[in-house]
Structures are given as C-alpha cells and as structure tokens.
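Protein chains: 2
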Amino acid sequence: MIICAMNGAESLIRTLIAGRVEVCFTNPGTSEIHLVAALDRLPEIRCVLGLFEGVVTASADGYARMAEKPACTLLHLGPGVGNGLANLHNASRAHTPMVNIIGQHATYHLRHDTPLISDIEGIARPYSKWLRTSRSAAELGHDAAEAITAARTAPGEIATLIVPADVAWSEGGIVALVPGRTAPPAPDMHAVERAARMLKSGLRTAILLSGNALYGKALQTAGQIAVATGAKLFAPYPISRLERGAGIAPVERVQYILEVAVEQLKEYRQMILVGAQPPVAYFAAPGKNAVLTPEGCDMHTLATPGEDYLAGIEALADALSVRAGRDVAEKSERPSLPHGAITLQGLAACVGALLPENAIVVDESMTSGRGMMAATRSAPPHDWLGNTGGSIGIALPLAVGAAIACARSGHRKVLCLTADGSAMYTNQALWTMAREGLEITTVVFANRDYAVLKREFSYLGVGEPGPRALDLFEIGRPDLDWVHLAKGMGVPATRVSSLEDFARELWKGFESEGPRLIEVPL
Amino acid sequence: MIICAMNGAESLIRTLIAGRVEVCFTNPGTSEIHLVAALDRLPEIRCVLGLFEGVVTASADGYARMAEKPACTLLHLGPGVGNGLANLHNASRAHTPMVNIIGQHATYHLRHDTPLISDIEGIARPYSKWLRTSRSAAELGHDAAEAITAARTAPGEIATLIVPADVAWSEGGIVALVPGRTAPPAPDMHAVERAARMLKSGLRTAILLSGNALYGKALQTAGQIAVATGAKLFAPYPISRLERGAGIAPVERVQYILEVAVEQLKEYRQMILVGAQPPVAYFAAPGKNAVLTPEGCDMHTLATPGEDYLAGIEALADALSVRAGRDVAEKSERPSLPHGAITLQGLAACVGALLPENAIVVDESMTSGRGMMAATRSAPPHDWLGNTGGSIGIALPLAVGAAIACARSGHRKVLCLTADGSAMYTNQALWTMAREGLEITTVVFANRDYAVLKREFSYLGVGEPGPRALDLFEIGRPDLDWVHLAKGMGVPATRVSSLEDFARELWKGFESEGPRLIEVPL
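Those sequence lines, one after another, are chains A and B.
Sequential numbering from 1 applies to the first sequence in the working numbering.
Sequential numbering from 1 applies to the second sequence in the working numbering.
Don't read these hints as lab results, they were simulated from the structure.
Yeah, the Cβ is synthetic: ideal placement off N, Cα and C, and Gly gets one too.
Hints may contain errors.
[What the hints assert, rightly or not] Residues from chain A that face chain B, not an exhaustive set, calculated with beta carbons under 8 Å: (1) P28; (2) I33; (3) A37; (4) L39; (5) S118; (6) P238; (7) L320; (8) V328; (9) T388; (10) A469; (11) G490.
[To be verified] The calculated DMTMM-like cross-link candidates involving lysine to aspartate or glutamate, where the alpha carbons are at most 20 Å apart (straight line), are: (12) A:K217 - A:E252; (13) B:K129 - A:D119; (14) B:K288 - A:D166; (15) B:K200 - B:D188; (16) B:K200 - B:D318; (17) B:K129 - A:E121; (18) B:K129 - A:D298; (19) B:K266 - B:E295; (20) B:K200 - B:E22; (21) A:K129 - A:E146; (22) A:K288 - B:E436; (23) A:K288 - A:E263; (24) A:K288 - B:E22; (25) A:K232 - A:E267; (26) A:K129 - A:D166; (27) B:K288 - A:D113; (28) A:K454 - A:E464; (29) B:K232 - B:E295; (30) A:K232 - A:E330; (31) B:K454 - B:D166; (32) B:K69 - B:E22; (33) A:K129 - B:D113; (34) A:K129 - B:E121; (35) B:K232 - B:E146; (36) B:K288 - A:E171; (37) A:K200 - A:D188; (38) A:K129 - B:D119; (39) A:K288 - B:D119; (40) A:K266 - A:D298.
Can you build the whole structure from these sequences, using the hints too?
What follows is the structure, encoded as structure tokens:
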C-alpha cells in the first residue's frame, strides 16, 4: 500500500487508476462534489457527462463490452442509481463488468429526514453482485480495489460502492493495490469429455455460445469444431457482442419470435451450452410452451458463467483432435446498392453494401431491423452489440460507450440502429455523442409504433386492439421528429425518403468525424 | 362482492374504477397486454401514454397533488419500475397517493432464466409503502382494493401491486368493493394544548405546514391563527402544493441556501410542525451545522404525517378561541410589465404581471427562478407545486399530471418553470403534452449549467472547479436547443431575447389551447 496525505475521494480515484479504470461515465450531484474534485485533479480518468443516468450506465456497458474491462460510473444518491437501473438490468444480463460509485449523504446527516435520503443499498441491490457502503476514508481505497476485483470476476459483474460524503472528504485516504485479473477456472474435464462424445455421436448438435465465446480466439476455435463435427454455432437472441462478417466463423442468432425459433432449432437433438442458458422465449403465452428446443433435446453445459469459455472450447477442440486451419468462414460479399422506395429489405441491403470494415453495429432496431443481420453477414468483419436484457432504450448510449472504448484503436465507426420508441427512453445520449465528437451514425427507424406490442396483443389471444389500446401502442399523434430532436442536442440530422437518400446519408455518416443521425420514416 | 365471468385483468381494472381511480399513466409492455386489453374495453379510466416511465410516475404525482386522490400507473416489469424510481422518490417525499400496477412474467415462466427476469419487488420496495405480488385471478381484485386503500392512507402512500401475466389472463376475477376513505386520526389533544400554550407565550413562533395544510380550509384557519397570535406560517423548501396569491394567507418558504434559511429563521424560539419535519439543509457541508433553526428552538409536533392536519389546526384555533373572519391575506397587486434585456428579476416580474387566476405553477426553475415566488405573491390565487425529493427531472411530467387532474375543473392554466438541466431528464413529457393537448406553458431557463453544482463546489471548500470539473457542471458545448427539442415532440416553441418577447410569448402561452414552450437563454 502507498500511503499519502490525501482525502478519501482522492484515494478512491487513485485506486481506480491503479486498477486501470480509464473512463468515468457520470451525472454527479452535490454529494459527489469531492469525488468530482479528485477527478478534476487526476486527468488519467476520462470523464464523460451524460444528461440522464440511463445514458451513463448503458455507456459504461457499451464501453466494457468493447474494452473488455470495466469503466466506472459516478451517480447521485438513490435517484441517480434509480434512473440508471433499466440499463443496469441490461448490463447485468450481458455480464458486463462495471464499477458504480454512488454518492451518499455524510454519515452524520442521515439522522435527519432530508429530501434526498433514500435506501441507496436497496435500490442498487437488485443489479449489484457486489455492494458496499464504505465506512471510512482509510477503507475507501481498499473498498474500491475490491469493487474492481468483483467487477472483473468472470463472466463480469456489476459492483456498486456507496461513498458517504464525509468518507470522501475526510483525510486519511490510502491508495490500494488492485490485484491483477485472475483467470477464471477452466470447465470440468468431464463436461468437456461429454461434449466431445455428443459431437462424435452423429446426432445434430447445436453449440450455443455467449459472452466472450462469441468473438476472438474462442469463436475461431468454436468455428473449427463446428467444421470438424458438423455442429452448428448459435448465439442467443440477446447478443452482448458478436464478431461476424467475411472471414469469421458463421454464428446463427436464435430468433425472437417463438415459432420461428422453434422451427430454427427443431432438428437439433443435442445442445452444448457455453455460458448460455437453454433458449426460452422472452415471454410466456397462454397455452404455449416457451422452451425453444425440441422435446428431449439433450442439453449439456460445457462451461457455466464464470468459467473460462476459451479454455473450455480449446479443451473440447483438443478432445476432438480438431486442428486449426480448417475454418469455414463467411465469404466476402456485399449486396449491391438498391434503389427506389424505402423497404426494410432495401435499407438492410444499403447497410450491407456500405458497412465499413471494423465497424461496431449497435442494434436495437426491433421489428424494423430483422433483415439487417442477413444483409451484413458477408460484409467486412465487424462487431454486433445488442440489447441483452430486453429493457428498451439501450442503443444510443451503448453506442456512446462503444465509441469511447474504441477511440484509440484506429478508426472503428459505430453504426447505431434504433427504433423510434426505443430511442426515446435515452434520447439524451445524442447530446453526449455531440459533445464527445463520437463517430456514430444513428439510424432511427421511425415506424411511429411500439410494433412489438401491437403484434403481441393479437398473439396473446386477446383479439385485435381497439382504439384505446392502439393509443398505447402507436407513438405518432404527434409524430416524433428526429431531425429536430437530434439538432436540439447538437447532432446533424436528416430525413430520407428513398433508398438512394439513405445510402448517401449512410456514406456521409461513415465519412463524418462526428455523430450524424438519419431518420427513416416507415 | 360482485362476481362475474371475467379474467383477473378485468377484475383489477373494474376494482380500480370502483375505487374511483380515473386515470392510468402508463408505458406498458408485453407482460401487461391483458391489462391493456381490459383498459381497452373499459373507457371509465383515461389512459395516458408516456414515452419513458419517469414521465409516467411524475405525471401520477402531479395528478394526485391536484386531484387529492390516486391515479394508477401501469409499468413494464422491473426495468419499467426502475425508470420510474427517481420520480417515485419525489412522490414518496410529497406523500402522494399512487397505485402502481407492474406486470410480471407468468408465474410458471419464472423458472426459466429469460432476459427480462428481475427482482421486481426488490426494485419497487424502497419507495412502496404497500407492496404485493398477486397470487391468483380470484385475489387480484381484492389486492387492488387493498392497494387503493393503502394509497389513500393519510398522508398518502405509494402502493405497488405486481401482477403476473397468468394472474391477469386467467378466468375467475372478482371485482372487490373498495371501502370509502376513512378520515385520518386527529392529533392528540395534548399536542394541541401544548401548541396553544406556545402561541400564547409571547415568544416568536413559526408554524411549519406541509401536505394539505398548505391549501384550502386548513391554510385559511392557520392564517387566522397566525393573525391572532403573531405567529408566522412557513412551508418547507420542498413544496408539494401551496395555495397562494391575492386573498390567501401568506406563507413563507424556508429557503434552500443554508445561510439564507438560518437568517430567515433566526428569530424563532419556537416552531410548531404540522406534518413537517424540522427544517434541515439538504446536504451536510464540512464544519457546518445543517440544522436551520436556532439552537434551543423549541420544536413541537402538532400533527404527525398520517394525522388529520385540518382537524389539528381547527382544534388549535378552538383552543386559542381564534375566530374566523380575522384573515390577513395577501393583497392583490401585480408588478408592472418590465422592458428591455432579459434579467431574472424581469422574467419574474413578467410572470407576476401575467399569471392567470387559478393557474397551477410547477416550479423546478432551480437557481434561475429564485425571484419567482416574490414576484407572484400578490398575483391572483394560484397553486404552486415544487420538487419534493430533490431528484431533478420532475417539472415537465408533474405539469402533465396536474393539467390532466384539472382538465374538467374549468380553465386552470399550467405554467411549468424548469431549468434546462432538470428538463432533460424527462424531456419525453413534452410529447405527452402535445398528444393530450394540455394547456401547459413551459418556460425553460437555459443557463447551460448545473449551476447548483458549480456553487456547491466552492461552497464545500474544494476551491474553484478546474476545466475537468467544469465539463461536468456545464451542459453547453453543444448548447441544447429547446425550440428544436420541443418541435421534435410536437410542441410549438420559441426562443426569446428580450423581456417584451418573453411577456408576449407568455401571454400567447396562457391563451393557447395546447402546450407551448419558451426557451429563455440566460
């Protein structure tokens, strides 16, 4: 331990720096002033302001998915965490490492009944795997080190550290050493051997990958196993990060709609899970079985969340004597640029035709974007980030975080595909894009509907929605004008009325050195 | 009990109707479809869509403050409540009656690990005085009746009822009778007698009112007591609803800034609390005493939250033999319309000059609006609603709820005064104003700052903020353009550059049959 004369706040920030936390996404308040003052003095951490806390938490999520290490958030008391919860929900489902720092009143102030008193631990607990209120300036550095260690624990956890104002402002802070990241345990050899036997059985087998098994070396090796054994690689519908495109092992996404997913999976007698859960529909429907795999499908876990997916996949390749070099990768091929009136297929073709190499696609396009993955499967290699928890309103800020994570790694353009309904929840992220000059092209599919709900209404067997239900599913009357909204937050924007328009604006977006937004009326 | 053949959802909505719940503020999802279907069939409840749940909960708060009865909200699973929490925090501090209906997955679906599973009870608990997950269609109506009863319990509570989808869609629903609202208990006679003795003692005495003691008969009687005894009426800084203006008993608001409040209260040797807590600064500061009353100030509770404030005040008037008719009310007087360049004082004078009779002022103008109450004290009678919990982002949706509550009671124009930083958190409320055609004039004070934080930085003794701290306190770069933002959500808007402009636009707003927004660059 390094002992200096500093207050708790400074020891906290210095410990974060020691733990290689490089970015703080924040919306601070009075109870965090001393932490802001410490950040003010220590330029090693980049501070990024969000004008709403749901922007802050989803940005930290997007950052960690790309950087493979935690950012921290700095939030104001219970309501600050509250505003961030929905995207903490999504982050927790993505197993995103994250360190939340939440200010609290001075300990001796809590005996008064003042307006901002709340049960911060209670609010943070549902999404915090690790949770602590720091008790003294001397312990704060150590608490922060533990929070970082917890966040880094495979497959990634949300750690929340609550910092009373007097703990932050009192002298006696001690910077703690942060232990290096330890490798997660390798999967059990019996689990590996059983998976190998399944793959040698000749039965149709699906391998459902998740987390970091969906990119890099793990995906490459899984691809080789698939080639050697005839198994097929799948990703769950809620994708945290998927590497794909020309030269990458093909992975099929389990579809959202129950009947489509059942059809997709019906031939598989066996499924091997790598960090994933057995695929089940998001929602139950009266009289329907929500399990997506066929009855009797033999479900086997190769690696549980928290185990080393790469080690498990490599051990499986060894057990099968799979050799490197026998990849079957997506070919390199782009759709040609389409013309004419806007269609969902045409929009997808434009994206397939123009997506830059190394792009990051953030996808919350909902019902409007269902053709996007097919149209981009053979585009140059790129990463695909999705909504992992089903709480809509993640795309814009997730794009912010992804762009900031990759700001130093050459030119990784971000394409953010969002539905209009989804984008409204966290529209404030556009302002952060503008302030930080992020190279994000946002496409808003403006169908003026919560189209999913319209569909579900009939699907759940309650007939056709009447006018009062439609009022709750249709978000027109008045129509949202995304060109105005974006301009209001400093993001240049345009509305397109043909596929030529769209292609030109998309290109302009990819060439731009700052954010742009394209509204696509549907 | 009335037994009909209906599903749980219908029994729930019919019980709400039986309990005189007339408005449902909502942002529903798939798990609430059967509840939406029931609302679709039953037009007695007006459904109001918000495009973000913080809009929904604050609208329900604004509604209840004016209607003096609960609205219900309908929210989607854990993330839906999460998004609503910050304004539930404010509502809980306002003691607002509210019934939250939260959808949950079908009970048998919870054994799967699907993306939207969350600890809904855990998320809702910190702000729900009454909380239950309904177990069956047969019990749902009864649960709803209990929730309404809980919400109505004085001084007003937040009740949260979680409804699994299969409980909603199963047959066997039973509409429950909702017991009439019972009067809260009257304060203890000893408390009344002690208060009477204090007021007769000749010592300077403050009476700190809250809740429904700040309007109507209770305020009028408190005003008579003040006249008879020389006591002074105060409201806490966080005002839920204050009736004021010409002809109304004058009430002074305890100021936000510690030193100002201490000065304001320094002569009072005694304080009588009516539902209020002893006044304490929002935040602790190193080396400062947060208690706002002078040392040795004799603090006495006439009525605790949950007791009948009106009965307590009337009993006190009786004990003091205070006679009606001896009111000292605010005189009727308006400032004259100012001219020239924009100043905070000039803006306040314009509001004072033009505020319509019976207006509802929703005030979250923060540092920019500190002159507003002084300039309007002798304006025609009006209600003043404030931020009660210190979680900023309440004004726009609070105005929505207040406007809807008063839609049927003649022409009550709503003036919504908001800071730019605050308004961003729940900017989606503008869309609801447009959709519902609400007569709300929103004034955005655009100082491009979290000005409170800039001030607190120096105040807390950490020197002057450096450039990195200023980046977190200044919300310009780029400037938010509220004219574009409002237009993007269907609200006509304009930017003013002089006091003449402001007065003209304010007038236009008050004359308008729908919402308007005025951006005031500062």
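query = Any of the earlier hints contradicted here, and which numbers?
reply = Per hint list: 7, 8, 18, 20, 22, 24, 26, 31, 35 and 39 violated.
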